[in-house]
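Peer 1: So the chains spell out like this:
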Amino acid sequence: MELTRRNALLMGAGALVVAGIPFRVSAAGEDAIAAFTGGADVADGGDITLTAPEIAENGNTVPIEVSSEGAAEILVLAMGNPTPGVANFKFGKLAASRAASTRIRLAGTQDVVAIAKMNDGTFAKASSTVKVTIGGCGG
Amino acid sequence: MISRRDFLQSSMAASAILGASGFGNWSRLAAQQALTQDQLLQFDTFGNVSLIHVTDIHAQLKPIYFREPSINIGVGDNRGKVPHVTGADFRKMYGINDGSPSHYALSSDDFTALAQGYGRVGGLDRMATVINQIRSDRPDALLLDGGDTWHGSYTCYHTQGQDMVDVMNALKPDAMTFHWEFTLGSERVNELVEGLPFAALGQNIFDAEWDEPAELFPPYKFFERGGVKIAVIGQAFPYMPIANPGWMFPEYAFGIRDENMQEMVDEVRAQGAELVVALSHNGFDVDKKMATIVKGIDVILSGHTHDALPEPVTVGETIIVASGSNGKFVSRVDLDVRDGKMMGFRHKLIPIFSDVIAPDAEVASVINKVRAPYQEAMGEVIGQTGSLLYRRGNFNGTWDDLICDALISEREADIALSPGVRWGPSLLPGQDITREDIWNVTSMTYGKAYRTEMTGEFLHVVMEDVADNLFNPDPYYQQGGDMVRTGGLGYRLDITKPQGERITDMTLLKTGEKIGPAKTYQVAGWASVNEGTEGPQIWDVVENHIRKQGTVTIDPNNSVEVIGA
Chain E
1 MELTRRNALL MGAGALVVAG IPFRVSAAGE DAIAAFTGGA DVADGGDITL TAPEIAENGN
61 TVPIEVSSEG AAEILVLAMG NPTPGVANFK FGKLAASRAA STRIRLAGTQ DVVAIAKMND
121 GTFAKASSTV KVTIGGCGG
Chain U
1 MISRRDFLQS SMAASAILGA SGFGNWSRLA AQQALTQDQL LQFDTFGNVS LIHVTDIHAQ
61 LKPIYFREPS INIGVGDNRG KVPHVTGADF RKMYGINDGS PSHYALSSDD FTALAQGYGR
121 VGGLDRMATV INQIRSDRPD ALLLDGGDTW HGSYTCYHTQ GQDMVDVMNA LKPDAMTFHW
181 EFTLGSERVN ELVEGLPFAA LGQNIFDAEW DEPAELFPPY KFFERGGVKI AVIGQAFPYM
241 PIANPGWMFP EYAFGIRDEN MQEMVDEVRA QGAELVVALS HNGFDVDKKM ATIVKGIDVI
301 LSGHTHDALP EPVTVGETII VASGSNGKFV SRVDLDVRDG KMMGFRHKLI PIFSDVIAPD
361 AEVASVINKV RAPYQEAMGE VIGQTGSLLY RRGNFNGTWD DLICDALISE READIALSPG
421 VRWGPSLLPG QDITREDIWN VTSMTYGKAY RTEMTGEFLH VVMEDVADNL FNPDPYYQQG
481 GDMVRTGGLG YRLDITKPQG ERITDMTLLK TGEKIGPAKT YQVAGWASVN EGTEGPQIWD
541 VVENHIRKQG TVTIDPNNSV EVIGA
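The listed protein sequences correspond, in order, to chains E and U. In terms of my numbering, the first sequence opens at residue 1 and continues consecutively. In terms of my numbering, the second sequence opens at residue 1 and continues consecutively.
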């Protein structure tokens, strides 16, 4: 009995230690952006929408959605994950809708970044902070 | 040609005048001797639509005492803004006389003395009288329940929410949204919702597996009242699986989903809605932010953070109404809607003074019926209190201190942790503590009191995590509770710092030593969101402790030092 409870608590504890402190942006994420844009400086904004929860209900499976009407490709990165690359969606010329949704795993509180490469070669970027927390005290 | 903005402002002026005549304008003497039901309910019916808002009742069927917070810190853009104004500053802001009924109803100082003069507040039979009175002015008024209704008492726990459903059905609401209801478990929530004779709304209640709107909870409902086509959109508490145990309702996902809220507003406008009302359990600061992002909501009826405001707050062309908690208030909002637009409003936050407002006989009999089987068990006197027992505030209230003392002594722990919830009525010095009183501040479906070892480092991470849920400068990252209550542990909190740096100088109070990161401590707590938590129920722990004390007295708590408030 005691062991069960302890195990349950320790499992919670394991997740918590990782979750507690906001993650730093890893160099790997910046490198991936540079590789995608060819080093061009991309400011936030433009024709791209990233929908992600503010606080993840479960950091292991966070639903996100990206869309951009004029995109040829959309790169999605979890900047604080050990491996930031999440997905690179490519849209053909006949694609009716340039949107995609998936679920991603986040190692802790961090920014999720989406960059669209437009058909005309320009870029658009959106980012969203997703908090991963233990919670438990909402009143 | 008068623009809509002019109308809103002139109505705001009208509302302020009404606020002055309806709020805080009685002398104490007059109030104590001659405060009447007619005065409390006086309202010049306005426009063509009336909304009645009740929220966060937390299963308080009977009159209670309820002390409002003395500390409620706002951060970021909300620093120093309502509802983050308390005590004398709050009274000054709204022109409320010291010692007046509004002082007693809306602020915290001199609570014990004023409570003895003005008596208890709330009781759903009194609330029924107020609702019926408004309906006699405006028979087609909409009654909207903001949720946290089916949680928080002995009878609610033992009937799994049936007591509240029966009593609320007698009040005949038109729609409801949700939070703690889900802690009954999804099977029971589904069962109760399927039987409701009114709409169960939540544009942000989704199916977790498919991330699609949940069928049982439609996003909105249309009503035609006073010749006006009204859309009421529900917004459930966004962070349910995080703040409460998600394993109890794994089929559901939530979130703020303001992009979907905008879609729903656009959809109802396209279908001809002339008035859009959001029935929200977001919490006040989240509602304020949502009002800046989502365009086209006329009225947000705001719940969750238990704030009681004597006037609506306007954000752009949206008015936000906050109606308190625990059955203490009813908000009436009259609206003038013409040519598809809200042209003006008149508002009153009606405090339910239980000794002034006559109980409605029909609802009183429903309440007595649901309570009768439990009356003997919950009426048992466990002890007495020598101190005012209350909870509300960002940090420990005296009820929390008592619960933490009980956890430390009954569970032989170094440190106790108690959740920073905002529900739970107050008790005055000299009152008996009954079993029902203990349940009123502890009742929940995951109340087991755990005991575990934690390192100092881990404790720090826990404290930082909770502090960020409260003091993150962006309201969308806040969950709306208060700081976790601690027993046996002191600390310093700097609100201006980011997560990870807010909490310093953690001290083990029994020795006065600093908490060592690698050292291990025995920690007792309750309300863990983890599945499989074991231990005795918290109400039994507290009851045993009070029984041993006989009369409980709570010393002032100076264990938390706050910087940057």
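A couple of the hints might just be wrong.
[Said to hold, decoys possible] Some chain E residues judged to face chain U by a derived CB distance under 8 Å, without partners named:
{"hint": "1", "residue": "G46"}
{"hint": "2", "residue": "D47"}
{"hint": "3", "residue": "L50"}
{"hint": "4", "residue": "T51"}
{"hint": "5", "residue": "E57"}
{"hint": "6", "residue": "V62"}
{"hint": "7", "residue": "N119"}
{"hint": "8", "residue": "G121"}
{"hint": "9", "residue": "K125"}
Hint data in this document are derived by calculation from the structure and do not stem from the laboratory. In this text, a Cβ means the ideal position worked out from N, Cα and C, and glycines have one as well.
Peer 1: Going through the numbered hints above, which ones does this structure break? Give me the numbers in ascending order.
Peer 2: 1, 2, 3, 6, 7, 8 and 9
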